[in-house]
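Trainee: Join these two chains into a complex; the hints should help.
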Amino acid sequence: MGLTHTEKLLAAHTVSGEALAGNLIQARVDLVMCHEVTTPPAIQMLADHGLHGVFDPDRIVVTPDHFVPSKDIESAELARDLRKWVQENGIKHYYELGRHGICHALLPEQGHIIPGQTVVGGDSHSCTYGAFGVFSTGVGSTDLAAVLYTGELWFKVPESIKVTIVGQLPDGVYSKDIVLELISRLGVDGARYQALEYHGETLGQLSMEARMTITNMAIEAGAKSAVMTVDQVTHDYLKGRAKENDWVEYSADDDAQYVREITVDVSHLAPLVATPGQPSNGQTIASLKSDDLVPVDQVYIGSCTNGRIEDLRVVASIMKGRRIATGLRAIIVPATSTVWKQAHDEGLFNIFYEAGCVVSTATCGACLGGYMGVLASGEVCVSTTNRNFSGRMGHKDALVFLVSPATAAATAVSGKIADPRDYL
Amino acid sequence: MQGRVHLFKRDHINTDEIISARYLNVHDEATLAEHAMEVIDPEFVKRVQAGDMLVAGENFGCGSSREHAIWALRGAGVQAVLADSFARIFYRNAVNNAFQIMEIPGISAQVQDGDELEIDIEKGLVTNRSQNKTYSFPPHSPFLQGIYAAGGLLKNIAANAGRRKVKK
Ligand code: SF4
Chain A
1 MGLTHTEKLL AAHTVSGEAL AGNLIQARVD LVMCHEVTTP PAIQMLADHG
51 LHGVFDPDRI VVTPDHFVPS KDIESAELAR DLRKWVQENG IKHYYELGRH
101 GICHALLPEQ GHIIPGQTVV GGDSHSCTYG AFGVFSTGVG STDLAAVLYT
151 GELWFKVPES IKVTIVGQLP DGVYSKDIVL ELISRLGVDG ARYQALEYHG
201 ETLGQLSMEA RMTITNMAIE AGAKSAVMTV DQVTHDYLKG RAKENDWVEY
251 SADDDAQYVR EITVDVSHLA PLVATPGQPS NGQTIASLKS DDLVPVDQVY
301 IGSCTNGRIE DLRVVASIMK GRRIATGLRA IIVPATSTVW KQAHDEGLFN
351 IFYEAGCVVS TATCGACLGG YMGVLASGEV CVSTTNRNFS GRMGHKDALV
401 FLVSPATAAA TAVSGKIADP RDYL
Chain B
1001 MQGRVHLFKR DHINTDEIIS ARYLNVHDEA TLAEHAMEVI DPEFVKRVQA
1051 GDMLVAGENF GCGSSREHAI WALRGAGVQA VLADSFARIF YRNAVNNAFQ
1101 IMEIPGISAQ VQDGDELEID IEKGLVTNRS QNKTYSFPPH SPFLQGIYAA
1151 GGLLKNIAAN AGRRKVKK
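Those protein sequences? They're chains A and B, same order as listed. Each residue of the first sequence is one higher than the last, beginning at 1 in my numbering. Each residue of the second sequence is one higher than the last, beginning at 1001 in my numbering.
Among these hints, one or two may not hold up.
Said to hold, decoys possible - Derived coverage of chain B by chain A (criterion: at least 3 residues anywhere in the stretch with Cβ under 8 angstroms from a Cβ of chain A; other residues may be distant):
{"hint": "1", "segment": "1023 to 1036"}
{"hint": "2", "segment": "1042 to 1048"}
{"hint": "3", "segment": "1082 to 1094"}
{"hint": "4", "segment": "1103 to 1117"}
{"hint": "5", "segment": "1132 to 1141"}
Read the hints as simulated data drawn from the structure, not as lab findings. If you're wondering where the values come from, they're calculated on a predicted model, not measured in any experiment. Ideal Cβ positions, reconstructed from N, Cα and C, are used throughout, including at glycine.
With the rest of the complex left out, here is chain B (with noise of 0.2 angstroms):
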């Protein structure tokens, strides 16, 4: 995957600031992706494109479960969130929905805003094009790519409903 960095190169950024709770009164990806980011960068949404990619410091993503905040940036077009580190709600939430992420640590120091990154997920890289440089990360466990594989947690569970556990 390829795409063009938009770099938040802040520490804790946190779901509330990544969609306010005020919207959370809806749950659909194109009303919510209106709001992404707003009290950060009220432009952002002008300027994102489908396709492009954040870049962050430490624990992106701290604070509420509220996943609207994956559906918030997915709406907006972006395809992927690199940061130093990741808060766990969000970081379960981006895996539940088949929603790409790379832990990097120090990957917010060495990146600038309009770069373009190719990532490739098997190996566990990314390339700066823009500067030249590689950057790597460790793949998913096994579980977890299996849940990327399908797309997301809950079209795993289809999958396997036949072994689903009812009440006796």
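Isolated chain A, as found in the complex (with noise of 0.2 angstroms):
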């Protein structure tokens, strides 16, 4: 019987069990990844049981993300505790301010992240380094501090859905419409426990960087991981972050064993808009119902899923010329320290300033309610990010739609959800 992607990186790790679907096992893990927020709790719960230092330094990248520059005296003292601890067991990998960047787009574009590697982060969208070709999953504080002081951890080696993406990707659509299409048919809990494992001719025609605001959005259907398979497109974009030598490339056998299998045709998707409450929700943007098609209050450009690069060019093409609606504000987040520099050289802070944006230094922010563009009861947010259940980026009441970055620029331009494909 074959074998999974999954199993096979789950197998190359695993220091007792058997790495079978359903099997539970203890396997090593390559990288740790540690932010602000649940590391703190992680660091105290190891001294709190007398375990002190850590499996290997240079195993671990920290980066504070989700409240920096701190946003009161609270977070301020969870960003000291990390770097006390980071100091105190000479943890190598730390990206202070100024060269920090929201995790999950930081360490890939880092170079940290290679193929057949085992990585697990304290953040639910860890399992966004999948797009390279490993596997890796979020885990809450008591894990992070198990697998920081052992460099293992258990895994219950999960079922694989076989996700086929095929078609050319029509213009003004992109990898997130792709994305919320796959979750609007899952369901938000239709991979629970299990793992998607990307195939088909489609992902060869999308960047690292697109390919990531897939395998992103993987928990957003209640998926333990996400993996795709490396190829040249990998190749590409490693080359220059990190040594050919270092990585292993895996792949599925040809008769591996999937719990399901689903295709997605993109020839024909439209942009999509995942209405509020939850990331399932996509529809297109023609059918959407006059309730929806209200002023809009916020448009948020950033986070892990989609404030790269490639967004922000996106969204400059968009807005270059253009003016923001009346009424509406518009944040735009650069996910990386390098990000901000990149856009900043290529002259994407002008086209902002002009339109009426304004431009912020990389963090979660206001993804997730911290700060940097919180939302008031009543108002009406078109987000980039990866959730919008009620409460998340603000007031209970506040409503959350997702979107592309395309389609988050041609609302802030038009003041109401808009379809990109009339202003590319």
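Mentor: Structure, rendered in structure tokens:
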């Protein structure tokens, strides 16, 4: 019987047990991602249990991102505790403000993610890294503490869903639209406890950045992890960031066992909007009800889903020579310091300024209702982020619509949710 | 264990609803507890008493990985959550904290708010004293039972600290 990509990745790291779907195993973890919200509790737990030190200071990557620059005293103290722990344990890969970024954009950009790894992060969107042919999943603080100390973790080996993406992506339609379509078909728990394994010719047309938008949202269908096969695009992205000798490429056997197979044909896909409440509420713009086509208060462009340079370029191409609608505010958050610098050097900030947008430093900020764009009750936000649960970006009675960067930009210009194809 | 039910008869209750992100700048249970379930029911923390139980629908605890969701509930006195199903990170976090959760398909349709439940974890049996009904659930695997028995994953690790892998 053939093995899935996920089973092979876990089998290569198994310490005890057998890496077949459904089994509990103990596995080695190659890389651990830490940020300032879920890691400080882990640090405290380790200390409380008399567990000192970390398994390997070179296999831990740390960046503050959620509430930085610190929004209040409590969050400043979290960031301080994280820094202190980094210093005490000689952790080399620490990204201080100025070089920091939203974790899931930063780690791949800085070459920490390489094919064949097992990665865990103290954050649910750690599934993002699967775009590079790695097993990666998000965990809470206790799991994080355990893996920081032992370099191992228990896993239930997930069953896999085979997702095949076919067809030529039309102009004005992006990988965000593909993943919104997929999640709408799966439902928010359609892949619960399972892995999503991506196949299909369309992936070859997508950059690594576009692929990461897809793997990023696997958790929004309840998935444990997502994985794509390494190809030339992966190699080109990793050139200069990582050394080929360091990585191992796995792929699923032709006769691998999947619990389900699902094909998404993108050739007739239109830009999608996930209406408030759940990321699985995807609808075409044409099918939105008049209730949804109300004036928008805020457009938010950023996050680990869509704050990369490609995203900002698309936004700039639509905003160039235009102004955002009166009464609407647009907040643009480059996902990392490097993206910020690139956008600056390419002159995108000028376009954003002329259009009437505000640009911030890299932060999770308003994506999780932290700061820098928190919503008031009754406000309407169109956002490139990944979650639109009630209360996610601020008041529980604020409404959040999830879209691609292009749709966000078109909306900012028009004042109501708009089809980006009218602005290309 | 025994307790009174607070019924949240809804699917996909997410961690943002259990504890909003704006409270994640702290992680002590007592402070988090003041805001448990606030987004759905601001009065919940006033009603909940030590030993109470939550009953909810499918995919309870979906969304972010914040373990603060467990700590907020435990801090508020909740001793167990029974749901039709759980999201996977919440499930792991519960096990790792030795916080009792029971996955019982259909439970949210059968239990009423205020019912008194008695749970026998070893037998995998819930007795509804108010309705004279019973529901069963499969016991945890021996591996997970080991984590519960130790009082959580880190206690388990601390007990085995000698076996730790250290970088060469
Ligand atoms: S940008 Fe949003 S979804 Fe991504 S890590 Fe930050 S808070 Fe989480």
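Trainee: Closer than 8 angstroms, Cβ to Cβ, for at least three residues: run that test on the segment 1082 to 1094 of chain B against chain A and report holds or violated.
Mentor: holds (count 6)
Trainee: Confirm or reject the coverage of the segment 1132 to 1141 of chain B by chain A under the rule of 3 or more residues with a beta carbon closer than 8 angstroms to the chain's beta carbons.
Mentor: violated (count 1)
Trainee: Apply the coverage criterion to the segment 1042 to 1048 of chain B and chain A: a residue qualifies when its Cβ sits closer than 8 angstroms to a Cβ of the chain, and three qualifying residues are needed.
Mentor: Coverage by chain A is violated for the segment 1042 to 1048 of chain B (0 residues, Cβ < 8 angstroms).
Trainee: Given as covered by chain A, does the segment 1103 to 1117 of chain B meet the bar of three residues or more with CB within less than 8 angstroms?
Mentor: violated (count 0)
Trainee: Establish whether the coverage given for the segment 1023 to 1036 of chain B by chain A is satisfied; the threshold is a Cβ-Cβ distance below 8 angstroms, and no fewer than three residues must meet it.
Mentor: Coverage by chain A holds for the segment 1023 to 1036 of chain B (4 residues, Cβ < 8 angstroms).
In summary, the structure is inconsistent with hints 2, 4, 5 from the numbered list given earlier, while agreeing with the others.
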